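Trainee: Chains as they are written, first to last, in the numbering used here: chain A, -7 to 104; chain B, 4 to 120.
Don't read these hints as lab results, they were simulated from the structure.
Since the structure is predicted, the reported quantities are computational estimates derived from the model, not experimental observations.
It is possible that part of the hints are untrue.
[Said to hold, decoys possible] Below, in silico cross-link-like pairs of lysine to aspartate or glutamate (EDC-like), each with a Cα-Cα straight-line distance of 16 Å or less:
#	chain 1	residue 1	chain 2	residue 2
1	A	LYS91	B	ASP91
2	B	LYS17	B	ASP91
3	B	LYS44	A	GLU0
4	A	LYS69	A	GLU7
[Stated by the list, open to error] Quick look at which bits of chain A chain B covers, simulated, 3 or more residues with Cβ under 8 Å:
#	region
5	15 to 24
6	36 to 50
Virtual Cβ for every residue (Gly too), placed ideally from N, Cα, C.
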Amino acid sequence: GDSVTQMEGPVTLSEEAFLTINCTYTATGYPSLFWYVQYPGEGLQLLLKATKADDKGSNKGFEATYRKETTSFHLEKGSVQVSDSAVYFCALRHTGFQKLVFGTGTRLLVSP
Amino acid sequence: GAVVSQHPSRVICKSGTSVKIECRSLDFQATTMFWYRQFPKQSLMLMATSNEGSKATYEQGVEKDKFLINHASLTLSTLTVTSAHPEDSSFYICSASPGQSSGNTIYFGEGSWLTVV
C-alpha cells in the first residue's frame, strides 16, 4: 500500500540556517503530495502542495519539488525563523479521494 | 478561512470508562469527516470516515464497537472511545472538507490528546 517516510526529528537549527526535511513516498499511480505544518496547540495547516511531477510547491519561503524519479518531496527553506518551530508532516493523496497518507512528522526547533 | 474545531483538546479518563471527542466544522457543511489517530513517533493513521446520516466506514483493524462514530449533522461528528484502556491513549485528530467548491481542500481540527489511566 501507499506510504510516506520522513526523516526523524527533532531537527534543531539556529535562526537563519538552511532547512531540509526529507520525504519519500511509495504509491501506485501519481498522487498529489503535501506538506502540512502543526504549530503548538493548533491543528494541521496546509503549507504547500504539488499535484504532478516536477511541480514546485511554495509558501512562506518554504519550497518542495515533486520528484517522480526519486519519489521524493523534500521540504526546504533558505533561512528559518524561530516562528517556524513546529511539526511538519509530509502526505500524499490520490486524485478524487479525500484520504491522506501521512508520514510520521518531523519536529523543527529553531533557536534565536 | 474554513475552521474545524475539536473538543476537548486534552482529556484524562479512567480505564473502563468512555470518552467522547467532538469535531465541528464552524463555517461550512461537511458531509464527510475523517478521524485519525497518532501514536508517539508514528504516522497519523486514518481510523474511519464519518458519513453524515449513515454509518461510518472503518479502516482495517479499527474496532467499530470500540470507536463509535456519530455524524448526526452536517457540522458535527463525534468519536466515542468506549471502555477505554491505557493502550487507547493517543492523539486523535479530525479533518473535513467543504468539497469540490473548495477544490477539495482539507481542514484539520486542533487534535485531542487522550490519556487513559
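Trainee: Each hint: holds or not?
Mentor: Checked hints:
1. LYS91(A) with ASP91(B): Not OK: LYS91(A) and ASP91(B) at ~22 Å, beyond 16 Å, violated.
2. LYS17(B) with ASP91(B): Distance ~11 Å between LYS17(B) and ASP91(B) Cα, so the pair holds.
3. LYS44(B) with GLU0(A): Distance ~8 Å between LYS44(B) and GLU0(A) Cα, so the pair holds.
4. LYS69(A) with GLU7(A): holds (11 Å)
5. 15 to 24: Three-residue rule not met by the region 15 to 24 of chain A, so violated; n is 0.
6. 36 to 50: holds (count 3)
In summary, the structure is inconsistent with hints 1, 5 from the numbered list given earlier, while agreeing with the others.
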